[in-house]
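Novice: So the chains spell out like this:
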Amino acid sequence: MSAGRWLRLALAALILPVVLIGCSRPNSSTEIRFAIAQAPLTLDPRYATDAASERVNRLIYRPLVDFDVHFRPVPALANWQCRDALHCRFKLGTEGREFHNGTRLTSLDVVATYRSLLALKNSPHTAEFANIAEVAAADENTIDFTLKAPDAQFPARLVVGILPAALIAQNHDFARHPVGSGPLRCVEWNRALRLERISDRQRIVLEEVRDPTVRVLKMLRHETDLVQGDLPPELVAYLRSQPSVQVKEVPGANYSYLGFNLQDSLLRDPRVRRAVTLAIDRDTIVRQALVGGSRPATAILPPEHWAGNAQLPPYPYDPEQARSLLQQAGVPLPLKLIYKTSTDAQRVRLATILQAQMRPAGIDLEIRSLDWGTFFDDVKHGKFQLYGLTWVGIKTPEIYRLAFHSQSVPPAGANRGRMQDAELDGLIARQNWQAATERIHALLPYAPLWYEGQFAAMNRNVTDYAPASDGNWDGLVRISKNIAEFEN
Amino acid sequence: MLFKRLVGILPVVFGVLVLTFLLVHLVPGDPVEVMLGESATSADRSVLRAELGLDKPLPLQFADYLTKLIHGDFGVSIHSHAPIAGLLAERIPATARLALLSLVIALAIGLPLGIAAALHYRRWPDRAATLSALTLSAMPHFWLGPLLMLVFALWLGWLPVSGMENDASIVLPALTLASGLAAILTRMTRASLLEVLDEDFVRTARAKGLPERTVILRHAMKAALLPVVTVVGLQLGSLLAGAVITETVFGWEGVGRLLVESIEKRDYPVTQACVLAIALTYVLVNLLTDLLYSRLDPRVRFNA
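Top to bottom, those sequences are chains A and B.
Everything in the first sequence is counted per the numbering used here, starting at 160 for the first residue and increasing by one.
Everything in the second sequence is counted per the numbering used here, starting at 3 for the first residue and increasing by one.
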């Protein structure tokens with residue numbers, strides 16, 4: 160047999176499976192397909208902590224309380240009145256009162272949900288509700304909460320979706336088979352999560368596609384209708400240049416920061432922390448290396464938040480001043496610091512930009528890129544000098560207690576840099592958020608970086624969807640798809 | 003003798019169990035902290051740690067794990083609470099399908115290319131085949147995968163980009179996974195056939211006036227395939243390891259992807275079960291290869 164025949168045989172083996180199986184058609188169904196970077200871990204709101212689970216659970220379940228655009232707590236299922244600092248009464252409204260299994264949502268379901276939360280041993284939310292002394296139903300529509308200690312933020316905590324009491328009693332597997340009263344119901348969760356909108360029976364399919372490039376390719380081939388967030392800026396720019404795709408961007412509210420270890424012999428000096436903060440050119444990074452809608456940050460809560468502080472002055476990029484501060488602190492230059500981050504490509508790229516920006520200030524930044532589990536474990540155990548992370552979906556100023564109060568050092572909280580400041584503790588205890596943010600801005604336990612913009616890319620035939628500032632997927636309640644336009 | 007070989011597997015499996023258990027427990031990251039987050043109290047953590055048996059000394063935890071395993075109990079996932087045996091039963095067929103199709107594609111590409119190269123030694127078909135093999139083996143799966151997607155899904159529109167929605171979905175991950183093995187098989191077949199073509203029995207066959215096709219296919223290839231069989235057996239394990247990356251890139255719901263997810267979530271029991279499943283497959287495939295080898299070559303016997 161000639162060489163040509165053998166080679167043709169090999170080529171046929173390469174092409175044959177492709178041709179035999181034939182041409183596959185891109186998605187032209189009425190379903191709206193949404194490619195997400197990470198599938199939800201659980202659809203039981205009592206256990207969910209990851210962003211994907213919380214975003215889906217917001218759609219399947221309804222909580223007692225939600226937030227407005229200024230992050231103020233507003234009624235969702237119920238409005239409320241607090242008689243005093245220890246007693247709050249919630250009255251259920253008329254909307255969202257029917258569970259997806261057809262039963263009516265009553266005060267007993269609310270009571271059962273919160274009692275089960277208090278009783279669970281392995282829920283990450285149990286500790287948040289430890290202040291509840293009693294929850295009881297006064298009548299079919301009224302629930303009374305009694306607290307152990309005064310808590311002005313209490314209503315804002317009641318954002319967990321309500322589950323049917325009867326199913327809680329049966330130990331129903333909400334994690335895989337959720338039953339809520341939200342605008343979307345779960346049809347099936349096998350490989351993809353198939354949801355159906357209650358109002359018009361529109362099907363929405365959430366499919367995990369981990370690789371950002373693959374998500375973009377699926378978008379271009381119309382295998383998916385929508386992608387949101389989790390793409391590097393160059394892929395967003397590429398999508399924007401595609402005629403079949405529309406990209407929508409909104410200012411973000413998720414706060415990225417560089418955390419300092421305040422127990423480190425060098426970084427415990429505020430002049431050194433200030434020098435590092437002044438050695439970062441946020442404006443350039445926001446303009447050149449982040450997606451549209453990103454903006455420099457000064458505090459965890461954005462200025463539009465009711466507890467935000469728009470008066471905080473941004474730290475400028477001033478490597479000269481940074482260098483002179485380091486010299487004042489008696490630090491030999493170049494100052495060697497280790498910066499820990501995850502293996503995410505965009506995080507590593509941002510780390511290399513920080514490294515280059517800090518060099519003129521006399522800071523030699525060594526980047527350590529670690530797998531997520533190791534990285535986060537190091538951060539919680541204080542095994543770092545500098546690290547980079549983002550707070551996602553923060554709604555209440557309680558974050559300042561969790562992140563900076565001296566009693567919140569891990570494992571009791573998220574004071575990972577081991578901040579110990581009696582004055583700040585007092586401000587947090589008095590809930591004087593304006594003064595607390597000023598104090599944090601001056602002490603610099605974090606070097607504030609930016610609020611990363613949010614974007615959604617969708618096919619031209621998709622309408623009525625806009626991304627949210629915290630990256631939630633609430634737009635799925637309104638989204639629609641024009642099939643005729645696609646087929647033309 | 004076969005019984006002896008089977009018994010010989012046990013220390014290997016035990017070694018895998020010990021190593022996996024130790025590695026999984028020694029890497030940083032605590033499943034209790036992953037589950038409870040940062041606002042849980044120390045008391046909550048202690049209760050959950052005790053409930054999961056993570057408060058016991060490591061040797062005791064290992065003994066518990068081993069006892070359950072002997073009774074066929076892989077345990078449950080720390081996160082989803084789903085029985086791990088069920089998770090594996092769902093995922094193993096998907097990975098097996100992918101690995102087998104990859105093997106078939108690799109054989110279908112590697113053998114003809116290798117034969118063409120050997121028959122036309124140092125001429126253009128040989129150079130083309132060698133270059134193709136080197137190029138294929140130099141391409142990492144996480145790069146080749148998106149490249150194939152770009153060509154076959156986006157430009158040609160023949161196949162879906164990723165997922166498991168229809169039968170066509172398996173083609174691109176299988177091609178990606180097959181690339182490395184196809185390259186090895188090409189080079190192995192070429193080298194092996196070149197060696198055999200110089201043997202006396204081939205010369206005799208040609209001298210007898212047999213057609214070249216018969217000389218190559220019935221005489222030379224029979225002998226040349228022996229080392230190829232060994233390589234295929236050994237490389238099946240690599241296919242499973244390669245599936246970890248390929249399944250993640252293509253969204254293929256197999257054991258590889260389950261393993262990656264479990265490592266990220268520090269879901270110890272699932273990680274251990276996945277590694278054990280992959281190791282067992284590797285050991286069994288090697289045993290099968292040995293058995294097949296002894297069938298193909300009567301000179302090889304276990305008691306030899």
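No wet-lab data here; the hints were simulated from the structure.
All C-beta atoms, glycine included, are put in the ideal place defined by N, C-alpha and C.
A few of these clues could be false.
[What the hints assert, rightly or not] Here are the simulated DSS-like cross-link-like pairs (lysine-lysine), alpha carbons at most 30 angstroms apart as the crow flies:
1) K58/B / K539/A
2) K554/A / K407/A
3) K542/A / K554/A
4) K58/B / K280/A
5) K307/A / K250/A
6) K280/A / K250/A
7) K70/B / K280/A
8) K542/A / K70/B
9) K542/A / K495/A
10) K554/A / K495/A
[Said to hold, decoys possible] If you want the ones that stay clear, here's a sample from chain B, every Cβ over 12 angstroms from chain A, calculated:
11) F23
12) A65
13) A155
14) L196
15) V262
16) L289
Novice: Against this structure, judge whether each hint is valid.
Specialist: Right, here's what the structure says about each hint:
{"no.": "1", "hint": "K58/B / K539/A", "in the structure": "23 angstroms, holds"}
{"no.": "2", "hint": "K554/A / K407/A", "in the structure": "23 angstroms, holds"}
{"no.": "3", "hint": "K542/A / K554/A", "in the structure": "28 angstroms, holds"}
{"no.": "4", "hint": "K58/B / K280/A", "in the structure": "18 angstroms, holds"}
{"no.": "5", "hint": "K307/A / K250/A", "in the structure": "21 angstroms, holds"}
{"no.": "6", "hint": "K280/A / K250/A", "in the structure": "29 angstroms, holds"}
{"no.": "7", "hint": "K70/B / K280/A", "in the structure": "24 angstroms, holds"}
{"no.": "8", "hint": "K542/A / K70/B", "in the structure": "36 angstroms, violated"}
{"no.": "9", "hint": "K542/A / K495/A", "in the structure": "16 angstroms, holds"}
{"no.": "10", "hint": "K554/A / K495/A", "in the structure": "36 angstroms, violated"}
{"no.": "11", "hint": "F23", "in the structure": "17 angstroms, holds"}
{"no.": "12", "hint": "A65", "in the structure": "24 angstroms, holds"}
{"no.": "13", "hint": "A155", "in the structure": "6 angstroms, violated"}
{"no.": "14", "hint": "L196", "in the structure": "14 angstroms, holds"}
{"no.": "15", "hint": "V262", "in the structure": "9 angstroms, violated"}
{"no.": "16", "hint": "L289", "in the structure": "28 angstroms, holds"}
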